[in-house]
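Below, each chain spelled out in residue letters.
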Amino acid sequence: MTLPTRQRIRPPAGRDRGTRKGSGLEGDRGFVSDQDWRRPGVRRTLGGLHLVLLVLLVVIGVGPMLLLAKFAITPTQDIIRTPLAIFPHGIAWSNISQAWNDVQISRYFLNTVWVALGSWFVQLLVATTGGFVLSVLRPKWAALVNALVIATLFVPAVVLLVPLYLTVLHPPVIGTSLINTYWAVWLPAGASAFNVVLMARFFDSLPREIFEAARVDGAGPFRLFASIVLPMSKPILGVVSVFAFIASWKDFLWPMLVLKNPDIQPLSVRLPSIAAQTDLGVFLAALAISTLIPVLLFIGFQRLFLSGAGLGGAVKG
Amino acid sequence: MGAARTLTPPADLEAVATADRPARAGGAGRRSGPLTWVRRGGLSTLVFALPLLVVFGFFSWWPIVRAVVMSFQRTNLVKPATWVGWDNFRYVLTDPDLPVAIRNTAYFALLALVIGFPIPLLLAVLMSSVRRAKGLYSVLAYLPVVVPPVVAVLLWKFFYDGSADGVFNTILGWVGLGPYAWLSSPSLAMPSLVLEATWAAAGGTVIIYLAALIGVPGEVYDAAEVDGAGLWHKVWHVTMPQLRGVLFITFILQIIGTVQVFIEPFLFTGGGPANATQTILLMIYQYAFGRSLGGDYGAATALSVMLAAVLAVLSVLYFRLTASWSKT
Chain A
1 MTLPTRQRIR PPAGRDRGTR KGSGLEGDRG FVSDQDWRRP GVRRTLGGLH LVLLVLLVVI
61 GVGPMLLLAK FAITPTQDII RTPLAIFPHG IAWSNISQAW NDVQISRYFL NTVWVALGSW
121 FVQLLVATTG GFVLSVLRPK WAALVNALVI ATLFVPAVVL LVPLYLTVLH PPVIGTSLIN
181 TYWAVWLPAG ASAFNVVLMA RFFDSLPREI FEAARVDGAG PFRLFASIVL PMSKPILGVV
241 SVFAFIASWK DFLWPMLVLK NPDIQPLSVR LPSIAAQTDL GVFLAALAIS TLIPVLLFIG
301 FQRLFLSGAG LGGAVKG
Chain B
1 MGAARTLTPP ADLEAVATAD RPARAGGAGR RSGPLTWVRR GGLSTLVFAL PLLVVFGFFS
61 WWPIVRAVVM SFQRTNLVKP ATWVGWDNFR YVLTDPDLPV AIRNTAYFAL LALVIGFPIP
121 LLLAVLMSSV RRAKGLYSVL AYLPVVVPPV VAVLLWKFFY DGSADGVFNT ILGWVGLGPY
181 AWLSSPSLAM PSLVLEATWA AAGGTVIIYL AALIGVPGEV YDAAEVDGAG LWHKVWHVTM
241 PQLRGVLFIT FILQIIGTVQ VFIEPFLFTG GGPANATQTI LLMIYQYAFG RSLGGDYGAA
301 TALSVMLAAV LAVLSVLYFR LTASWSKT
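Protein chains in written order, with this note's numbering: chain A, 1 to 317; chain B, 1 to 328.
For reference, chain A alone in the conformation it holds in the complex (with noise of 0.2 Å):
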């Protein structure tokens, strides 16, 4: 009788857990018991296959990075020759700056950061404020946008790939193609139900009493958004942030539609165009150049990211 209950109170459970207390790891217990580890066979078995495990992580999950690395370092002849050899023929740290400055990752990098920062701003900004609507002021009309919003998780994005870039071509209204411009990624990214609804539902779990406290004190709905809802919701706000800021940097299909003019593209969309005409050592220093702030983020915000991950479960679920 305890369990459905219990299943329905999961999701809420594990953002508290994910996010306000910042580590989505630790849990109550797992299926080993204290009794179970006390065995000395359970030890041992459970902590040589946790041994294997951890090898099989880092060769398997981390090993192609650290070749990519190394690759990055090392002479075309020896890649071409002896892929796995320790640098046989010494280190080419030319390779990075070769990329960085002839191949011009430096200028496809930092469109790719314009292209990220904007993506993230405008997605935060729509998932803020339409969250703020349709969690806080609730106006009447909120239940049919909350539909709207929602049903379009449902439809599969590649449905959208061709009437999108037809908009974005010729939009409505606005009359010129935004096509070429950093807009036609920035504004489809903030289409994001998944933000929405992340967001509103954590809207939902505050307070509603501070609210009325500072509506009753003479807030209005932009001191309520700006001083009291936005600063309580810092964890969620991270959340969306670092998973809108690195989507966008793996994003490849969209911005290779819509941003044509090579000196405007980001690192994704350019790569495969240069793979061919490029000495492959340098092509693989840029390789590793643009999987660098990515990976970066990720070590520097592994909790966001990790509870951000276990959310997506939840949420789906």
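Treat the hints loosely; a few may be bogus.
Claimed, not checked - Residues of chain B placed beyond 10 Å of chain A at every Cβ, according to the derived structure:
| no. | residue |
| --- | --- |
| 1 | Asp87 |
| 2 | Phe89 |
| 3 | Thr94 |
| 4 | Arg103 |
| 5 | Val114 |
| 6 | Gly135 |
| 7 | Leu317 |
| 8 | Tyr318 |
To be verified - Here are the in silico distance ranges between beta carbons for each label pair:
| no. | chain 1 | residue 1 | chain 2 | residue 2 | range |
| --- | --- | --- | --- | --- | --- |
| 9 | B | Asp165 | A | Val173 | 55 to 63 Å |
| 10 | B | Asp227 | A | Thr45 | 20 to 28 Å |
| 11 | A | Thr45 | B | Gly228 | 17 to 25 Å |
Stated by the list, open to error - Covered stretches of chain A (in silico footprint by chain B; criterion: 3 or more residues with CB under 8 Å from a CB of chain B, positions within the stretch not fixed):
| no. | region |
| --- | --- |
| 12 | 32-44 |
| 13 | 123-129 |
| 14 | 226-237 |
| 15 | 285-295 |
It is worth saying that the hints were derived from the structure and are not from the lab. Note that this is a predicted model, so its numbers are computed, not measured. Don't be surprised by glycine CBs; every beta carbon is placed ideally from N, CA and C.
Fit chain B to the supplied structure of chain A, relying on the hints for placement.
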């Protein structure tokens, strides 16, 4: 100003009130004129809703409607669109490439399921029993997920080099296997794609399972232990049933995701060799944006609408089926 605002009924009270009298909901606010509406916060509410309404309106709702409309139209960018009925659907369904693409897409989804479904589950269950440095395991498992897919594919493309000096062929050569042609072999190309895709995606699923595993209340295990349950028994009869809900969801989400695979076939093989990795999304892309064909927006939307419909029907059937399972 302050005094006026305190008279304003709180918005959520208002929402409750209107829910009580749905018949008058439409007229209640407007009856007393636009000025009252503004003073009650209607205008500021609208200002707050504006980013969402504009962005979703232009870039989500309108394109979705347009997708359905366009699938019945012949559109090229020069002449105005004309209605052609079911022509686009007929054209796509009789395209000789379609059966190949469907078969390949299904093959990719199936392989991705066979490899990609059990591995994250196994990893997550094992990781949940780690006592020290649990965070390190999670970070290592999730790291491939943050790598940009384009970088991952281009890097793996280099790993898959078919010569004896290719990275994978070198490693397999140590144990006397290979060399394999990987991407240029019609039979190995698709499994190669799946391998990379699984590497790139498994970490995300692991973290979802880990979050669910943490949500399993400790008392359930305590109770099982009181009944004398061993480790295996606990994993199989307590952990797994507790994960059932999440597993159901990730299962269908993975199918929906893998059926829409694009970057891997597009960048690894471009659909080759000999159409062995031609997928549905690649077809959609080629209809609309391909260099030789291209511009056939009607066919592209018709195919994407059909794909979405199939996925929707599949999901509904799936949830019907699993709903009856979870009751028993």
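Hints, one by one, checked against the model:
For Asp87 of chain B, the shortest C-beta to C-beta distance to chain A comes to about 16 Å, beyond the 10 Å cut-off, and the non-interface label holds. Listed as a non-interface residue, Phe89 of chain B keeps its Cβ farther than 10 Å from every Cβ of chain A; the least gap is roughly 15 Å. No beta-carbon of chain A comes within 10 Å of the beta-carbon of Thr94 of chain B; the shortest separation is about 20 Å. Annotated as non-interface, Arg103 of chain B keeps its C-beta farther than 10 Å from every C-beta of chain A; the closest such distance is 18 Å.
Every beta carbon of chain A lies more than 10 Å from that of Val114 of chain B, the smallest distance being close to 18 Å; the non-interface claim holds. A Cβ of chain A approaches the Cβ of Gly135 of chain B within 10 Å, the least distance being about 5 Å, so the stated non-interface status is violated. With a least beta-carbon separation of about 15 Å from chain A, Leu317 of chain B lies farther than 10 Å from that chain, consistent with its non-interface assignment. For Tyr318 of chain B, the non-interface assignment is confirmed: its Cβ lies about 13 Å from the closest Cβ of chain A, beyond the 10 Å cut-off.
In this structure the hint that Asp165 of chain B and Val173 of chain A lie 55 to 63 Å apart at CB holds, the actual value being about 57 Å. A hinted range of 20 to 28 Å holds for the C-beta pair Asp227 of chain B and Thr45 of chain A, which are about 22 Å apart. At about 20 Å, the beta-carbon gap between Thr45 of chain A and Gly228 of chain B stays in the expected band of 17 to 25 Å. Beta-carbon proximity to chain B at under 8 Å applies to 6 residues in the region 32-44 of chain A; the threshold of 3 is reached and the given coverage holds.
Judged by the Cβ-Cβ criterion of 8 Å, the region 123-129 of chain A is covered by chain B as claimed, because 3 of its residues qualify and three suffice. Three residues within the 8 Å Cβ limit are the bar, and the region 226-237 of chain A against chain B gives 0, so the coverage statement is violated. For the region 285-295 of chain A, the proposed coverage by chain B is satisfied: 5 residues have a C-beta within less than 8 Å of a C-beta in that chain, meeting the threshold of three.
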